[in-house]
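With chain A's structure known, arrange chain B on it following the hints.
Residue strings, one per chain:
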Amino acid sequence: MADLAVELAGIRLRNPVVTASGTFGYGKDYLDLVPLERIGAITVKGVSPFPSHGNPTPRTAEVTSGMLNAIGLQNPGIDKFIHGAEYLPFLRTLHTPVFVNIWGRTIDDYVEVARRLEAEKQGIAALEINISCPNIKQGGIAFGTDPKMAAAVVAAVRAVTTLPLITKLSPNVSRIGDFARAAVDAGSDILSLINTIPAMAIDIESWRPKLANVTGGLSGPAIKPVAVRLVHECAKAVKAPIIGMGGITCAADAVEFLLAGATAVGVGTAIFTHPRVLVEIAEGLDAYLERKGLARVTDLIGQVRLD
Amino acid sequence: MKFQVQAEILRNRPIAAGYYQIDLRAPQIAAAARPGQFVHVRIPLLEHRVLRRPFSIYDADPATGRLSVIYKVVGEGTDVLSRRQEDTADLLGPLGNGFTPPDDPGVQPVIVAGGYGCAATYLLASPRFSSRRPLCLFGARSREDLLLVEEFQALGCEVRTATDDGSAGRKGFVTELLRELLEAPAACSLKVFACGPNPMLKAVSTLVLARGLDAEISLDHAMCCGVGACFACVVKRKAETPDGWEYVRTCTDGPVFPASSTVWD
Numbered sequence: 001m002a003d004l005a006v007e008l009a010g011i012r013l014r015n016p017v018v019t020a021s022g023t024f025g026y027g028k029d030y031l032d033l034v035p036l037e038r039i040g041a042i043t044v045k046g047v048s049p050f051p052s053h054g055n056p057t058p059r060t061a062e063v064t065s066g067m068l069n070a071i072g073l074q075n076p077g078i079d080k081f082i083h084g085a086e087y088l089p090f091l092r093t094l095h096t097p098v099f100v101n102i103w104g105r106t107i108d109d110y111v112e113v114a115r116r117l118e119a120e121k122q123g124i125a126a127l128e129i130n131i132s133c134p135n136i137k138q139g140g141i142a143f144g145t146d147p148k149m150a151a152a153v154v155a156a157v158r159a160v161t162t163l164p165l166i167t168k169l170s171p172n173v174s175r176i177g178d179f180a181r182a183a184v185d186a187g188s189d190i191l192s193l194i195n196t197i198p199a200m201a202i203d204i205e206s207w208r209p210k211l212a213n214v215t216g217g218l219s220g221p222a223i224k225p226v227a228v229r230l231v232h233e234c235a236k237a238v239k240a241p242i243i244g245m246g247g248i249t250c251a252a253d254a255v256e257f258l259l260a261g262a263t264a265v266g267v268g269t270a271i272f273t274h275p276r277v278l279v280e281i282a283e284g285l286d287a288y289l290e291r292k293g294l295a296r297v298t299d300l301i302g303q304v305r306l307d
Numbered sequence: 001m002k003f004q005v006q007a008e009i010l011r012n013r014p015i016a017a018g019y020y021q022i023d024l025r026a027p028q029i030a031a032a033a034r035p036g037q038f039v040h041v042r043i044p045l046l047e048h049r050v051l052r053r054p055f056s057i058y059d060a061d062p063a064t065g066r067l068s069v070i071y072k073v074v075g076e077g078t079d080v081l082s083r084r085q086e087d088t089a090d091l092l093g094p095l096g097n098g099f100t101p102p103d104d105p106g107v108q109p110v111i112v113a114g115g116y117g118c119a120a121t122y123l124l125a126s127p128r129f130s131s132r133r134p135l136c137l138f139g140a141r142s143r144e145d146l147l148l149v150e151e152f153q154a155l156g157c158e159v160r161t162a163t164d165d166g167s168a169g170r171k172g173f174v175t176e177l178l179r180e181l182l183e184a185p186a187a188c189s190l191k192v193f194a195c196g197p198n199p200m201l202k203a204v205s206t207l208v209l210a211r212g213l214d215a216e217i218s219l220d221h222a223m224c225c226g227v228g229a230c231f232a233c234v235v236k237r238k239a240e241t242p243d244g245w246e247y248v249r250t251c252t253d254g255p256v257f258p259a260s261s262t263v264w265d
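Protein sequence lines, in the order shown, are assigned to chains A and B. Residue numbering for the first sequence follows this note's numbering, starting at 1 and increasing by one per position. Residue numbering for the second sequence follows this note's numbering, starting at 1 and increasing by one per position.
Keep in mind that the hints were calculated from the coordinates and are not lab data. Keep in mind the model is a prediction, meaning the values are calculated, not measured. The reader is advised that the hints may include incorrect statements.
What the hints assert, rightly or not - Calculated pairs, SDA-like style, for lysine to any residue (alpha carbon to alpha carbon, straight line, at most 20 Å):
id: 1; chain 1: A; residue 1: K28; chain 2: B; residue 2: D253
id: 2; chain 1: A; residue 1: K80; chain 2: B; residue 2: D61
id: 3; chain 1: B; residue 1: K202; chain 2: B; residue 2: G212
id: 4; chain 1: A; residue 1: K292; chain 2: A; residue 2: C250
id: 5; chain 1: B; residue 1: K236; chain 2: A; residue 2: S65
id: 6; chain 1: A; residue 1: K28; chain 2: A; residue 2: I82
id: 7; chain 1: B; residue 1: K236; chain 2: B; residue 2: L209
id: 8; chain 1: A; residue 1: K80; chain 2: B; residue 2: L209
id: 9; chain 1: A; residue 1: K28; chain 2: B; residue 2: G212
id: 10; chain 1: B; residue 1: K238; chain 2: A; residue 2: K292
id: 11; chain 1: B; residue 1: K238; chain 2: A; residue 2: S52
Extracted from the complex, chain A is given alone in its bound form (with noise of 0.2 Å):
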């Protein structure tokens, strides 16, 4: 048995599998159907100030090798979050640690759920920052492709928490590495990339867009070699650890974002496909170790050889 344990700014994980936030609701969804105990971290659904309706139906379209989804980030806000029984003190009865995904439509928006968490962070291991949704009109990924608007919004959740802060970075920017710099240096301890890819699928029976949305964000098995090229890239700019996502549905795929920087992996649409994924690419990247004579999957971060 080799030892999956990695650590994320502090944060121990007891194997590097990670659910990807908005693929995995608040955690209580799944209780059946995957035991949480064996998995390295839980991401639930991104958290706004205001409940939010999402977008209108459809929200999703199956293409090839992949999924659209246009939700728009659904959620029933933070009050109901911190006290509802089945969001945070459901979460806070769970032996994982789990990270809260945050949104806003402003700068504002972000500063004021991460304060409300920081005053209730107990049973919460970090805050993820959403500056990388493709799907609604304000905030999101209007954030995520400007270097300094991106600076902002995480200096200014920097300053009101002490939870370790982890920036999740959109794949629709020309330079990732500027990204990743300005996040780090704005006080992010982690990174997690990569969100959708914005998309679109036409119905050629009416001619109108999939989604009601008309655009929405690509994921799934089409996305993968475009995320592994991105975790480089950011794991080239900066030290601090990723957390790399995009289509991973195997322990093969993890093995190869680990080797391109990632410390931990996301795991996303193929929880739809199949929920035991989870464990079973903890269980894969052990048998992989073990073929490879390796004690631990620290051994692989960033491993890639380029020479």
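Structure of chain B alone, referenced to chain A:
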């Protein structure tokens, strides 16, 4: 309790033109399934598709572990599924809230179904779940699309039919049969359960609510996770929000909703 199981395909055969019945060995799901729930199926050999397909549970036999689904070939997933024999399929289930089977002797259950929507109501008519035999109103495009009439009759149900082209039963929509039923003086003892296309469900809701009654309607929606995590399959439900509604998940808050709570866009 939800299960993810690798289920053996026991039988997979056409029951009418374009319609299939698949029987699977899934003892845990068959034992736990209640009327109106569904299973989320990973279609075998469809590796380039990342999403499962939801199917209403038709029949479930805890004694043998058999789970049955009736489906219509409508796209790539169901087409590939219809050609699988001697294979297994990965199932998640049972999922969703399901119908509330009536036991009150003073209540006459009525099932209103369109097309193969009747399959989702079969367990509701089963003595395993209710002492009351529902009166069934089945509508379809034509005689060939009227399914399971004999199966419901075998449970002791009276089945009245309507077809769009008049090739079987009354010519016209099934909601005409419901309208007549609701006009009878004893209509206040009726409890309506409905499954079928949205226009039918909307018409059923309008009729039932106008009579001062309510109905349990089962909504069909494309889904991703099937367990409540992703918020893809949301529909509008009346709520005390500033807009008067909220988005709720078909997969876990439904698929069965009171007609009185549903907001039709």
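Evaluation of the provided hints:
{"no.": "1", "hint": "K28(A) to D253(B)", "result": "holds (14 Å)"}
{"no.": "2", "hint": "K80(A) to D61(B)", "result": "violated (41 Å)"}
{"no.": "3", "hint": "K202(B) to G212(B)", "result": "holds (16 Å)"}
{"no.": "4", "hint": "K292(A) to C250(A)", "result": "holds (17 Å)"}
{"no.": "5", "hint": "K236(B) to S65(A)", "result": "violated (30 Å)"}
{"no.": "6", "hint": "K28(A) to I82(A)", "result": "holds (15 Å)"}
{"no.": "7", "hint": "K236(B) to L209(B)", "result": "holds (18 Å)"}
{"no.": "8", "hint": "K80(A) to L209(B)", "result": "violated (33 Å)"}
{"no.": "9", "hint": "K28(A) to G212(B)", "result": "violated (37 Å)"}
{"no.": "10", "hint": "K238(B) to K292(A)", "result": "violated (57 Å)"}
{"no.": "11", "hint": "K238(B) to S52(A)", "result": "holds (15 Å)"}
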